[in-house]
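Undergrad: Residues per chain, in single letters:
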Amino acid sequence: MSEPRYWATLPEYERDPAVARQCEEEFVGRSSMHVAGVGRGHFEFGRREFLQWSTAALALAATACTRKPLEKIVPYAQQPEETLPGVPNSYASTCRECPAGCGVIVKTLDQRPIKLEGNPLHPLNQGSLCARGQAALLNLYDPDRIAGALRTNRGGLHQPLGENEADAALMDALHRARPGGAVLLTGTIHGPARIQLVAEFVSQFGMRHVTSDAFNPDALTGAQRAAYGTAVIPRLLLDRVEVLVTLGADPLGTGYSRQEWMAGFGRQRKLQRRDGNLAMSRVVAFEPMLSLTGINADTRHPVHPGSLLPLALGLAHQMVIIDRHSSYATDATVASALAGFAPDIVEKACALPRGTIAALVAELWAHKGRSLVLGGDTAAATGTELHLQVVTSFLNTVLENEGATIEATASPSQQTQGSNAAMLQLCDQMQQGQIDVLMVYGANPAYTLPGDADFAGATKRVGFVASIAERLDETGQLADVVLPALHAMESWGDAEPRRGLFCLVQPTIEPLFKARSFEDTLLSLMCRNGKTAPGIAAAPVAKGNLAAAAGVPPSKAATPTTVAVAAPAPATFYDYLRQVWNGQIYATNQLAATWDDFWTSALRDGLFDASQREPGPARAFHVAALAEATATLSQPEPPTGLALVLIAQPMTGDGSCNNNGLLLEAPDPISKLAWDNTLALVPETARNLGLNAGDVVEIAVGQTRVSAPVQLQPGVHSQVAVLGLGWGRTSVGTIGNNVGVNAYPLSRIVGSGIVYAGAQVKLVRMKAGYALASTQGHNYLDGRPIVREELLAGFLQALSRPPAPPGPPGLTLWNNGGPTEHMYPGYRWGMTIDLNACVGCQACVVACSVENNVPTVGKQEVINGREMHWLRIDRYYSGSPDNPDIVQQPMLCQNCDLAPCESVCPVLATVHNAEGLNLQVYNRCVGTRYCSNNCPYKVRHFNFYDYSGAYADGRFSALRGSPLELALNPQVTVRSKGVMEKCTFCVQRVNAAHLQAETLGRPISDGDIQTACQQTCPTQAIVFGNLNDPQSEVMRMRSGDNAVRAYRVLEHLNTQPTVVYLTRIRNRPEPLESSASPSANQPGYAAASGPDPEANA
Amino acid sequence: MGLTTRAWKLPAATVAVVICVAIIVRVNGNTGYSPVQPIPFSHQLHAGDHHIPCLYCHAGAQRSPEAPIPALNVCMGCHAVVATGKPDIEKLTAAYRAATPIQWVRVYDLPQFVKFNHGMHVDAGVACQTCHGEVQDMTRVRQVRQFTMGQCMDCHRNNNYLPKPSEKPYRALAHYHGHPVNAPYDCNICHA
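Top line first, the protein sequences correspond to chains A and B.
Numbering of the first sequence is given in our numbering, commencing with residue 1 and proceeding in unit increments.
Numbering of the second sequence is given in our numbering, commencing with residue 1 and proceeding in unit increments.
Since the hints were made in silico from the structure, they are not lab data.
Built from N, CA and C at the ideal position, the CB exists for glycine as well.
A portion of the hints provided could be inaccurate.
[As the list claims (entries may be wrong)] In silico lysine-lysine, DSSO-like type, Cα no more than 30 Å apart, as pairs:
#1 A:K107 to B:K86
#2 B:K115 to A:K938
#3 A:K348 to B:K86
#4 A:K977 to B:K91
#5 A:K938 to A:K977
#6 A:K72 to A:K348
#7 A:K107 to A:K762
#8 A:K460 to A:K107
#9 A:K368 to A:K348
#10 A:K72 to A:K107
#11 A:K368 to A:K270
#12 B:K115 to A:K762
#13 A:K72 to B:K86
#14 A:K348 to A:K762
#15 A:K72 to A:K938
#16 A:K938 to A:K270
[As the list claims (entries may be wrong)] Pulled a few chain A residues facing chain B out of the computed Cβ check, cut under 8 Å:
#17 V74
#18 A77
#19 L799
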């Protein structure tokens, strides 16, 4: 079978001679030389330099050749019991970067957080953490956070204001408000104490509470109400899903519980024995854009956003009316609702191959109760998304997934609770002058609402606007008073992401700026009002099981007794939190432990889980909802014109964390672009419109016009233009301001909902030549077999074949081809990466940067090919640009046994150690860059600039003393200018494990060392361990059934990498796209199996 | 013109080199550095005359990469009752009561690319005096060794031996590998 031809960029696909030339070069364009024009003076000293500093540097205290400066050592006056200088402490908490409520472990050193990791005890994220969670550290230390209350006077003067004065002003306005004229607007809030506090606050001041995030689940809740009678957010059990069908949905990229789902998804993607047979899940995606879920699908069909609903109905028609496997087959309502959506009509209208629907439905039937059909998200929000949700609910009910892979009765999700309808209603009331006071916290309507909503105009008719936020955001600019809030890592709090799963947020650092948490602000206002929190003060407080407290063992203890004790009015939210947890959780759960023990264990674990894992019973589907969904629909028709689709993107999400260089520089998983959002068009459409990559076009929807650069994105539907939301902030901070374009104004209000997709759009070319910073295309495969992919059927055949005999030993510089000189008597570290499980979410990239102090370099340096990410995810296409297959591959230092870098270093700065690690010794490195030149994997990165601020007169030294310095990991050397760096397999963690093992007098056991990338990986695609131990996970993963899949990249070069990849298996009947014309006559395009140009060199 | 420039360039370069060498020698041989401390704490009195073990106060050195200077509450463990009338102890007591830490002047300093771990060395039975000199004889702490990589390596190279089973538990590792314990000298041990 001929191998598919893989290509990384469109020029490579089109065999652009420039790419062939670049293949001859070692590095992309200017990455290896000094770039004229970016020296001092040409660079504006502003955002760029500042962001470079954002991951920069501890001052190198004692530089050579100078008398060392006088340094002070300041020990504690009273050393806290659990701290020991130099020894990290970890605390369990909950991430609040988005409302998903993932558990985190905050690693602190000398009282400051230096790393966030997922909490392995947490049932949602199960130890993983997404890129945004990893990058939260920079949000904590962000110098652009406000350091005290401000009187903003609606965008005018920003005056510092005392906390008292701000409180007084707000209190005064609240007292003067008409009944019902005061509104508290927040993002999603969950957690019993926070919910109760908000409820009490609102009732005490006669306010109304409106919840609205950037993206709200109106369609989902509306459909749940119509289909099942209650408006709940269902919980998806992706770890039980064997066939996943998405209709515009992106559960992995932007879902409301994506960490949980990625974990389940990854489990099913790995090859496993199911009833004795090797199996893996199958994923089919129908979508207008290219989503993170879509690039991981086995089969993917680009469809117009308007076709998603007919397509869902076509699936239902095939299932119920043609196959007649379901009890709904005899239902007249269903029959009439689905009558017009015969599969052949739908397939024709959606331009799908004939038989697609029947084949897919057959697979779904075969996995009844173990499949899932997901519709929705912004790509489907054409105004009919509620109907789509109703139909997908119907499909899941028919397939008996309801109550099996979808759960909404036992412990439904509470992770997204906002409502567009309520938000838009509030806007109307504001316009009509009915609102006197608006308090905003955790929401940024001035940025996220459609242009039509005119939130800015509406605030002018509100008497008093107060914003409670960490920073002066777009909404704060419209406010009268801005009250500072604390970051989650500085405050107490709680969360309840699904019913019964109670999580705690605990502070891990003293507040960095003069600020107060949102909850304490509410409490303080309530106290100022002269009343204490009524519900709390009168509530009985369970003092715990008296018998247990008296020393009776828990097993013999009687049921807990509740003793009414008049609790003092809580002065701080910490007291309030404890009282609510005592009253609502401890007292109601009949626990044998004392209250103090309960609290201590909840604090240690970060959670108390009383939720139900198993799904509750299936709910009955109201068929009337289905009739309603199709009532206004006629026969499906092929779409016309060019439709705009606005989507959330995995890295930036809603845009709330955009002042974060780590997130902006980590490239989008699909486009591989950093520092910009772009209008993505499929190449053919762009050609028809006369547009090229880098053209700036004006996008006109109704009266709203936005200019954005064009990017050619293979795989997008030909009649769709895709633009990412969550960019173009104007008031977020020095780093994130004016990065990308704000697409929210292009969304529209239709009825009581917001429409993100399907608007007919006109594109006008404004100018050309906008530079895009892509991280893909700096190096090319050049026909070498770097990624491997196979069909499941082919792989199963290969399993039964005898293994290929080992080839002749490769040539080495050492021992004349004999055994290598390296002996590894003790441990030998290596890594196995399962390409089946890697979804490309980029969490590992950000985790690596945080752990290893990897600098952020800024857009221009990314364009120059000098990004510093030690670990990158390479994305390769195969097939035609209209709908390519995509393979992703994490690429990091391969820690080769016969490392080409080691043999060329003139100063022995990169050497091998006795455990198989390829070390980089920064203080020896003189920066010849020979190693990078000789590295076939291109994983070494050179510090062209003094990102560390080590030089007192360097470009970044002016920002010394910024709180960002505190985000650096003191356990890893901060590199300075002129030094080469690369992935070290987190050698500091290897060292720490050695120390721990030797102290305990035992060998390092499997799992003691988790590299930062492995630790945060939601799908456990990366495993690190001891290659000398055949029982270790890293060895088991590459043996047995997987032995056939295991391969090393560029094995023929005989570099003997210790990183082994497992071939990506594609689970679909159709063959892989094969390289039709490898046209070997063109330079630089050797056939995949042909000789490698480097092998001859 | 060019000739004139070249004429003074050579002596200038020579002087520069001499100055650089002088500075390097002085920095690397930072021995003898003995700054005045805010409180004239005498190791001679405490560790020498009174035989207080080093780890009694620097307890963190056993478990931490650092050898932390004791917190004020450790000092006050004795000085709440011992020598309370002396002026410096009064100063100490006042600082403790006011919860204002004493700002000691750092004597030993390693560059940030060196990750030295006190705990491992204490655990391996290396005496504090091996690196820090006879501190118990010093009234004011003075750096006596150079703290250069060569000195580290000398020690690490010369400490290869097969430990006895009765030795400290960490030596179990040696038996696991079945080879003598080396003080390791892979680069990553210190340069992470």
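Undergrad: Okay, which hints does this one fail, numbers in order?
TA: 1, 3, 4, 6, 7, 8, 12, 15, 19
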